[in-house]
Amino acid sequence: MQGQSQQQAYDRGITIFSPDGRLYQVEYAREAVKRGTASIGIRTKDGVVLVVDKRIRSPLMERTSVEKIHKADNHIGIASAGHVADARQLIDFARRQAQVNQLRYDEPIGVETLTKAVTDHIQQYTQVGGARPFGVALIIGGIEDGEPRLYETDPSGTPYEWQALAVGADRGDIEDYLEEHYSEEIDLDAGVGLALEALASVNDGELTPEGIGLATISVGEEGFRQRTDEEIEAYLSEHGLLAAEADEETDTDE
Amino acid sequence: MQGQSQQQAYDRGITIFSPDGRLYQVEYAREAVKRGTASIGIRTKDGVVLVVDKRIRSPLMERTSVEKIHKADNHIGIASAGHVADARQLIDFARRQAQVNQLRYDEPIGVETLTKAVTDHIQQYTQVGGARPFGVALIIGGIEDGEPRLYETDPSGTPYEWQALAVGADRGDIEDYLEEHYSEEIDLDAGVGLALEALASVNDGELTPEGIGLATISVGEEGFRQRTDEEIEAYLSEHGLLAAEADEETDTDE
Amino acid sequence: MQGQSQQQAYDRGITIFSPDGRLYQVEYAREAVKRGTASIGIRTKDGVVLVVDKRIRSPLMERTSVEKIHKADNHIGIASAGHVADARQLIDFARRQAQVNQLRYDEPIGVETLTKAVTDHIQQYTQVGGARPFGVALIIGGIEDGEPRLYETDPSGTPYEWQALAVGADRGDIEDYLEEHYSEEIDLDAGVGLALEALASVNDGELTPEGIGLATISVGEEGFRQRTDEEIEAYLSEHGLLAAEADEETDTDE
Amino acid sequence: MQGQSQQQAYDRGITIFSPDGRLYQVEYAREAVKRGTASIGIRTKDGVVLVVDKRIRSPLMERTSVEKIHKADNHIGIASAGHVADARQLIDFARRQAQVNQLRYDEPIGVETLTKAVTDHIQQYTQVGGARPFGVALIIGGIEDGEPRLYETDPSGTPYEWQALAVGADRGDIEDYLEEHYSEEIDLDAGVGLALEALASVNDGELTPEGIGLATISVGEEGFRQRTDEEIEAYLSEHGLLAAEADEETDTDE
Amino acid sequence: MQGQSQQQAYDRGITIFSPDGRLYQVEYAREAVKRGTASIGIRTKDGVVLVVDKRIRSPLMERTSVEKIHKADNHIGIASAGHVADARQLIDFARRQAQVNQLRYDEPIGVETLTKAVTDHIQQYTQVGGARPFGVALIIGGIEDGEPRLYETDPSGTPYEWQALAVGADRGDIEDYLEEHYSEEIDLDAGVGLALEALASVNDGELTPEGIGLATISVGEEGFRQRTDEEIEAYLSEHGLLAAEADEETDTDE
Amino acid sequence: MQGQSQQQAYDRGITIFSPDGRLYQVEYAREAVKRGTASIGIRTKDGVVLVVDKRIRSPLMERTSVEKIHKADNHIGIASAGHVADARQLIDFARRQAQVNQLRYDEPIGVETLTKAVTDHIQQYTQVGGARPFGVALIIGGIEDGEPRLYETDPSGTPYEWQALAVGADRGDIEDYLEEHYSEEIDLDAGVGLALEALASVNDGELTPEGIGLATISVGEEGFRQRTDEEIEAYLSEHGLLAAEADEETDTDE
Amino acid sequence: MQGQSQQQAYDRGITIFSPDGRLYQVEYAREAVKRGTASIGIRTKDGVVLVVDKRIRSPLMERTSVEKIHKADNHIGIASAGHVADARQLIDFARRQAQVNQLRYDEPIGVETLTKAVTDHIQQYTQVGGARPFGVALIIGGIEDGEPRLYETDPSGTPYEWQALAVGADRGDIEDYLEEHYSEEIDLDAGVGLALEALASVNDGELTPEGIGLATISVGEEGFRQRTDEEIEAYLSEHGLLAAEADEETDTDE
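Chains as they are written, first to last, in my numbering: chain E, 3 to 256; chain X, 3 to 256; chain Z, 3 to 256; chain D, 3 to 256; chain U, 3 to 256; chain G, 3 to 256; chain F, 3 to 256.
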């Protein structure tokens with residue numbers, strides 16, 4: 003309904019409403035999210051799984067520097083998709099919120115509380131002039147009162163709670179896979195398997211440990227834990243997802 | 003009277019008057035409200051009913067995270083329609099107003115007082131430059147001096163008081179239904195029934211408990227109360243509105 | 003003399019002069035006033051009459067929430083026409099001015115003093131950038147030194163004093179009626195009658211109590227007084243202006 | 003030399019120079035002055051005369067509320083032409099300047115000093131962004147060191163001193179009349195006559211007391227004095243300028 | 003090289019460079035200077051001469067109010083050409099600088115020091131956004147260490163020192179005359195003669211005392227001195243420049 | 003997919019999203035980086051190598067003033083490519099961060115910590131209005147906990163860690179060379195050789211000492227060390243990269 | 003590659019990147035530099051030479067007021083080319099930096115330190131909105147630790163060190179001349195000769211003392227010294243560069 007030339011009018015300057023009530027800058031920021039590689043979050047009985055696609059431009063780039071999974075607190079992890087530099091700003095904001103909460107109330111911040119602090123921050127950038135929206139979506143997973151919780155923040159500043167979700171490239175296909183295979187009854191290990199299978203489903207059924215980031219946040223004492231390449235490789239083998247060339251490449255690089 | 007190309011001139015930058023005395027950004031914000039799913043408020047003899055349409059994008063999304071009904075105080079509830087992130091800002095504003103009133107005067111804030119504080123806040127965003135209007139309408143229901151009160155705030159910052167109203171998608175059809183069937187004499191239970199019937203009237207006469215949010219604010223001690231899926235299902239059954247597939251879906255998901 | 007396309011140039015950004023010395027944003031704000039329903043003010047020997055047209059969108063809307071007459075102080079009432087949310091801002095400003103005057107000088111604020119404080123406030127929004135003009139006209143009526151006074155504020159920030167006036171829709175026709183029938187010698191009761199007749203003259207000669215707001219500010223101790231539906235109905239009957247269907251509608255609704 | 007379309011470029015945003023060195027916003031503000039009814043100032047041996055054309059929109063409007071002559075101090079009066087709300091701002095500014103001068107130096111402000119304070123204030127609105135120029139011209143008349151002085155301020159912020167001048171509508175014709183008939187030797191009474199004759203010369207030779215404002219600032223103790231309708235009528239009769247219908251209208255209205 | 007339409011791009015908003023390295027707003031401000039009547043400065047052995055063309059709009063305007071020569075300090079005079087209200091701002095700035103210098107260092111400000119303070123002030127308005135350049139050129143003449151000094155400030159904020167110069171209308175022709183007839187050896191009296199002859203050269207060889215402003219700043223104790231009409235008339239007679247009609251007009255007006 | 007004319011809309015004003023989710027100003031800033039001569043960083047077992055292409059406009063320019071390698075701290079060096087003046091701002095920012103860290107924690111700043119402080123600073127210039135992004139990429143190399151580390155900052159504000167990388171002109175070709183020949187096992191000396199060979203590979207296989215900048219940051223006590231022309235020449239000779247004309251030119255110039 | 007119309011987009015508002023990574027406002031500021039007459043700097047064994055082309059508009063203008071060589075400190079001189087008023091701002095900034103350094107550290111400021119303070123100041127005007135870049139290039143020459151140093155600042159804010167350079171008109175031709183004839187071994191006297199010859203090379207081989215500015219900064223106690231017309235004339239005679247008409251013109255003017 004909106005022609006090419008009329009649409010242009012809403013792209014400039016501050017974020018304003020179009021005649022049909024849309025905020026184009028926010029919608030364009032969502033496109034920036036889609037340009038990022040996929041991230042997946044799954045809530046299980048005993049914890050949350052975060053899996054991210056970490057493709058790198060060059061074999062000479064350190065994979066660890068492509069940070070798509072961040073520890074926000076001992077009990078909260080965040081995965082992102084979209085504009086990397088924007089993600090870093092929100093992660094920093096989230097960490098400060100977590101610290102302030104700990105200092106002020108002497109207890110860990112709630113996952114929902116943290117999520118809403120982040121989304122309120124994001125919303126400001128969509129209403130007040132002089133800045134653009136954040137071009138990033140976050141998956142915030144953590145433990146609150148012994149229960150796993152899994153949230154999403156989008157560029158409009160809306161918080162959503164999920165059982166399992168994907169953000170970034172191929173979101174639709176991955177969510178279709180998750181909807182078909184997800185059950186609330188699965189445990190953390192099964193959740194890791196499901197997340198890797200879902201990601202593999204949009205990558206010809208194969209993954210390399212180097213191209214993957216994996217973290218789990220368990221209800222137990224362990225809390226947030228980044229998983230090593232070895233662990234990832236074991237999971238991939240177990241699920242028959244290990245790419246043939248991945249083995250070779252690993253030999254060459256290390 | 004206003005052609006396509008001339009209209010464009012009023013969409014940009016700050017909110018200004020068009021030659022025929024309209025504020026286009028405010029009108030476009032009203033379109034954002036219409037893009038949201040419907041919310042309904044009904045004032046009865048002994049309380050206020052808030053019913054919202056909570057359609058979710060995916061079965062994996064937590065329905066509780068689609069927050070369209072909010073508790074502002076023990077005696078005040080707020081339902082919203084439109085831009086979700088904007089709604090959250092106004093809800094937070096309303097809650098702070100309620101708290102400040104309690105602290106300053108040691109008594110609960112009046113429903114009208116709260117509504118007008120919110121609309122004044124909204125109006126500022128339509129007159130002073132550097133920000134866009136809020137793309138959300140609120141239904142504020144509560145008890146004041148033992149009497150149920152029901153208000154609406156719109157994106158222009160105008161407060162209205164209602165016996166029964168709808169905001170968001172299908173507003174016109176739902177209000178037609180309400181005008182035909184509403185009576186001031188009904189009690190809270192009948193009000194819940196009427197609200198559900200009105201919402202069903204634009205949904206092929208059927209509703210699922212999962213797709214509905216329901217809260218009541220009664221003149222009694224109970225005050226604001228979110229209703230459970232079971233209660234909603236009972237109401238739907240009682241009024242012959244329970245969707246056939248709703249039962250199945252419930253089986254599958256839980 | 004001003005073509006369509008050239009005129010556009012003066013609608014955007016801050017309020018500036020057109021080549022023929024006009025301020026288009028102010029003129030467009032006047033159009034916003036004309037879009038509002040009519041308000042009438044009449045000065046009589048012993049007080050001021052304020053009558054407003056309060057059409058409502060729906061029978062379910064509370065008529066009292068359509069506030070077009072406001073008490074600014076015990077001795078001053080204000081009727082408005084135009085953008086409702088803007089009117090609320092100016093009313094609040096006027097009330098604060100009245101309170102400050104009382105506190106600072108320990109005496110009620112003068113009607114002229116209050117009017118000019120309001121118009122100076124309005125003028126700022128037409129000269130300094132970063133905001134749009136107020137899209138509302140006020141009728142400020144009150145008692146000063148025992149004398150009734152009646153003022154108008156327009157969107158340019160100009161104060162006018164009147165014997166009788168109308169603002170909003172049908173201003174021209176109502177003022178024609180007033181010019182023909184007004185006499186300085188009439189008392190408050192006759193003034194109420196004249197105001198209702200003038201309003202009826204542009205409504206097929208009939209009015210319903212529900213569609214009318216009426217307040218009087220008398221030189222006596224009573225000061226500002228909102229009139230009830232019953233009083234309005236009595237006036238309408240007395241002057242043969244009571245609409246036939248009004249009676250029915252009243253039956254149905256109450 | 004400046005085409006229609008190129009001229010448009012200089013109307014928007016802040017006041018800037020056109021290629022031929024003109025400030026269009028200032029020139030357009032001068033047009034706003036011409037849209038106002040005429041005001042006349044005449045300097046005589048023993049005082050200054052201010053006469054203004056006070057046409058009113060409606061017989062129901064209070065003529066006294068059309069303020070075109072203002073007392074700035076006991077010895078200084080100001081007449082205006084153009085945008086009324088802007089004039090009020092400058093008059094307020096002038097009065098504050100007069101008060102500050104009295105408080106600080108314990109003596110009345112000089113007419114030239116006051117004029118230049120006003121023009122400096124006006125100039126700022128033509129050079130610094132974020133506001134539009136003042137759309138008003140002032141005639142500032144007063145007594146300084148026992149001598150009558152007569153000044154003009156224009157929208158560019160330039161002060162001029164005159165023996166006799168007009169601003170607003172028909173300025174050219176009135177000044178032609180003044181140039182032909184003015185003599186420095188006339189006294190205040192003759193000055194009043196000349197001013198009325200000059201104004202009548204562009205009104206078919208007739209004036210009504212109600213359509214006129216008249217003030218004199220004499221070198222004597224009296225200083226600034228607004229003249230009553232009776233005095234104006236006497237002057238008009240004396241000079242054969244009294245409109246026939248004026249008598250009738252007076253009968254009708256009072 | 004710069005077409006009409008491309009040039010437009012540099013006229014708007016803040017002062018920025020064009021592709022060929024020009025600042026159009028500054029160049030347009032120079033056009034504003036050319037729109038002003040001419041001012042001439044001449045440095046002689048024993049002082050500086052300032053002569054200005056003071057044409058007035060009407061015989062009723064006080065010539066003294068057309069201020070084109072200003073006393074900045076006992077030893078410094080300033081003549082201007084261009085936008086009068088802008089000139090007043092710079093003159094005020096110059097006077098404050100002179101006063102501050104006197105207070106801080108207990109000695110009169112140097113002519114060069116003053117000039118550069120003024121040009122630095124002017125430059126700011128050509129580089130920093132939110133204001134337009136000053137549309138005026140100043141001739142600053144004075145005595146420094148017993149030596150006459152003569153400076154020019156232009157709208158770009160560049161200071162120039164001259165033996166003799168003109169600014170405003172007909173600058174080119176007057177400077178041609180000065181280049182041909184100026185000698186450093188002339189004294190103040192001869193300098194006055196030369197300045198009047200130069201101005202007459204672009205006015206059909208005739209001048210009237212009323213149309214001229216003349217001031218001298220001598221190295222002696224006298225310093226800055228505005229010359230009276232009588233002195234100007236004597237100079238004009240002596241140099242055969244007195245206009246025939248000037249005598250008549252003088253008779254008529256005084 | 004993005005046409006020429008539509009793309010224009012995103013080049014102006016503040017940095018905003020395009021419909022496909024890109025930030026054009028950031029992408030254009032990356033073009034500014036590509037306009038700069040190449041810089042190379044290589045991480046070895048025992049230190050980091052920084053090599054830069056320092057072509058100079060003229061033989062009369064001092065090569066040392068073309069600063070493309072900077073010492074940020076004893077243990078950190080930074081090479082840049084792109085807009086030189088922007089690079090200087092970021093280098094200054096980095097140095098202040100290093101000093102503050104030393105003062106506050108009494109220990110050298112970590113390489114990763116410093117890199118992220120710089121990228122956060124860069125990101126702000128891409129989101130908040132009123133400034134343009136930085137048109138420069140930095141290679142930050144240093145020693146942290148005895149381990150060599152090598153980072154890149156790009157105009158979006160994203161930090162990357164590398165084993166070996168190039169920024170600026172010919173980035174793609176140089177990185178191809180590095181990918182083919184790099185091994186983590188090489189030592190600092192071999193790393194210098196590889197960097198020079200990589201740079202020579204896009205310069206016809208030859209380099210002159212004068213056209214090269216070289217610095218090493220070793221894990222030993224030496225830390226950051228700029229290498230002399232003699233050292234560079236020795237390296238070039240050793241690797242058969244010394245340009246024939248370089249010898250001659252050296253003779254001529256020194 | 004950049005068409006006329008597309009280029010326009012980057013000329014307006016704040017300084018931003020073009021699609022090919024250029025900053026047009028900075029490039030246009032460089033054009034402003036080219037519009038200025040040439041300035042030359044030469045570094046010799048025992049000092050720095052600054053020579054400037056000082057053409058004046060009129061024989062009546064004081065040549066000394068065309069300031070293109072400035073003393074920044076006893077040991078530092080600065081020559082400029084381009085927008086004169088901008089140059090004055092940078093010179094003032096440089097002098098304040100020199101004074102602050104002397105006060106704070108009790109030692110003269112280093113030439114490189116001063117240059118970089120100036121270029122950092124310039125850079126700010128190219129990145130942060132609300133102002134335009136400086137339209138001027140500076141040659142900063144001085145003595146640091148007994149060694150002559152010669153720097154250039156350009157409108158982008160980049161510092162360069164040179165053995166010999168030219169800025170302003172004919173930069174290319176003059177630098178060609180310098181590259182051909184410059185040797186590091188020359189002393190100050192030979193440097194003056196070379197600078198004059200280089201300037202003459204683009205002026206038909208002839209120069210007049212009046213059209214030249216010359217200053218030297220020697221390593222000895224003398225430091226910065228402006229040279230007189232007599233000295234310049236002697237140099238010109240010695241090098242056979244003295245224009246024939248220069249002698250005549252000198253005769254005529256003095």
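FYI, nobody ran anything at the bench for these hints, they're computed from the structure.
Certain hints may be false.
[Stated by the list, open to error] Under the rule of at most 25 Å between Cα atoms (straight-line distance), these lysine-lysine pairs were calculated in the BS3-like manner:
(1) Z:Lys47 - Z:Lys118
(2) F:Lys73 - U:Lys118
(3) F:Lys118 - G:Lys73
(4) G:Lys36 - G:Lys73
(5) U:Lys56 - U:Lys36
(6) Z:Lys118 - D:Lys47
(7) E:Lys56 - G:Lys118
(8) D:Lys47 - D:Lys73
(9) F:Lys73 - G:Lys56
(10) F:Lys36 - F:Lys118
(11) U:Lys118 - U:Lys47
(12) F:Lys36 - F:Lys73
(13) E:Lys36 - E:Lys73
(14) X:Lys118 - X:Lys36
(15) D:Lys47 - D:Lys36
(16) X:Lys118 - X:Lys73
(17) X:Lys47 - X:Lys73
(18) X:Lys47 - E:Lys118
(19) Z:Lys47 - X:Lys118
(20) D:Lys56 - U:Lys73
(21) F:Lys47 - F:Lys118
(22) Z:Lys118 - Z:Lys73
(23) D:Lys118 - U:Lys47
(24) X:Lys118 - Z:Lys73
(25) F:Lys73 - F:Lys47
(26) Z:Lys118 - D:Lys73
Okay, the hints, checked on the actual structure:
Distance hint between Lys47 of chain Z and Lys118 of chain Z is fulfilled; the C-alpha atoms sit about 23 Å from each other, no more than 25 Å. As the CA atoms of Lys73 of chain F and Lys118 of chain U are separated by approximately 16 Å, the hinted pair is consistent with the 25 Å bound. Between Lys118 of chain F and Lys73 of chain G the alpha-carbon distance is near 16 Å, which keeps this suggested pair within the 25 Å criterion. Proximity of Lys36 of chain G to Lys73 of chain G is assessed by CA-CA distance (about 23 Å); at most 25 Å being required, the pair is judged to hold.
For the proposed pair Lys56 of chain U and Lys36 of chain U, the alpha carbon gap of about 15 Å is at most 25 Å, so the pair holds. Restraint check for Lys118 of chain Z and Lys47 of chain D: the C-alpha separation of about 36 Å exceeds 25 Å, so the hint is violated. The hinted pair formed by Lys56 of chain E and Lys118 of chain G meets the criterion: a straight-line CA distance of about 19 Å does not exceed 25 Å. For the hint pairing Lys47 of chain D with Lys73 of chain D, the CA-to-CA distance comes to about 21 Å; that is within 25 Å, so the pair holds.
Straight-line distance between C-alpha atoms of Lys73 of chain F and Lys56 of chain G comes to about 32 Å, which puts the hinted pair past the 25 Å bound. This hinted pair checks out: Lys36 of chain F and Lys118 of chain F have alpha carbons roughly 22 Å apart, not beyond 25 Å. Proximity of Lys118 of chain U to Lys47 of chain U is assessed by CA-CA distance (about 23 Å); at most 25 Å being required, the pair is judged to hold. About 23 Å separates the Cα atoms of Lys36 of chain F and Lys73 of chain F, which keeps this hinted pair within 25 Å; it holds.
With a C-alpha separation of about 23 Å, the suggested pair Lys36 of chain E and Lys73 of chain E falls inside the 25 Å cut-off, and the hint holds. Between the alpha carbons of Lys118 of chain X and Lys36 of chain X the distance comes to roughly 22 Å, so the proposed pair stays at or under 25 Å and holds. A threshold of 25 Å between alpha carbons decides the hint, and for Lys47 of chain D with Lys36 of chain D the separation of about 29 Å lies outside it, so the pair is violated. For the hint pairing Lys118 of chain X with Lys73 of chain X, the CA-to-CA distance comes to about 17 Å; that is within 25 Å, so the pair holds.
Under the criterion of a C-alpha separation no larger than 25 Å, the hint pairing Lys47 of chain X with Lys73 of chain X is consistent with the structure, at around 21 Å. Taking the CA atoms of Lys47 of chain X and Lys118 of chain E, the gap is about 36 Å. The hint is violated against a cut of 25 Å. Between the alpha carbons of Lys47 of chain Z and Lys118 of chain X the distance comes to roughly 36 Å, so the proposed pair goes past 25 Å and is violated. Our distance criterion of 25 Å between C-alpha atoms is broken by Lys56 of chain D and Lys73 of chain U, whose separation comes to about 42 Å.
With a C-alpha separation of about 23 Å, the suggested pair Lys47 of chain F and Lys118 of chain F falls inside the 25 Å cut-off, and the hint holds. With a C-alpha separation of about 17 Å, the suggested pairing of Lys118 of chain Z with Lys73 of chain Z holds against the 25 Å cut-off. A distance of roughly 36 Å separates the Cα atoms of Lys118 of chain D and Lys47 of chain U; the hinted pair therefore is violated under the 25 Å criterion. Note on Lys118 of chain X and Lys73 of chain Z: the hinted pairing holds, with a Cα-Cα distance of about 16 Å set against a maximum of 25 Å.
The straight-line distance between the Cα atoms of Lys73 of chain F and Lys47 of chain F is roughly 21 Å, inside the 25 Å bound, and the hint therefore holds. For a cut-off of 25 Å, the pair hint linking Lys118 of chain Z to Lys73 of chain D stands: about 16 Å separates their Cα positions.
Consistency note: the structure conflicts with the earlier hints numbered 6, 9, 15, 18, 19, 20 and 23.
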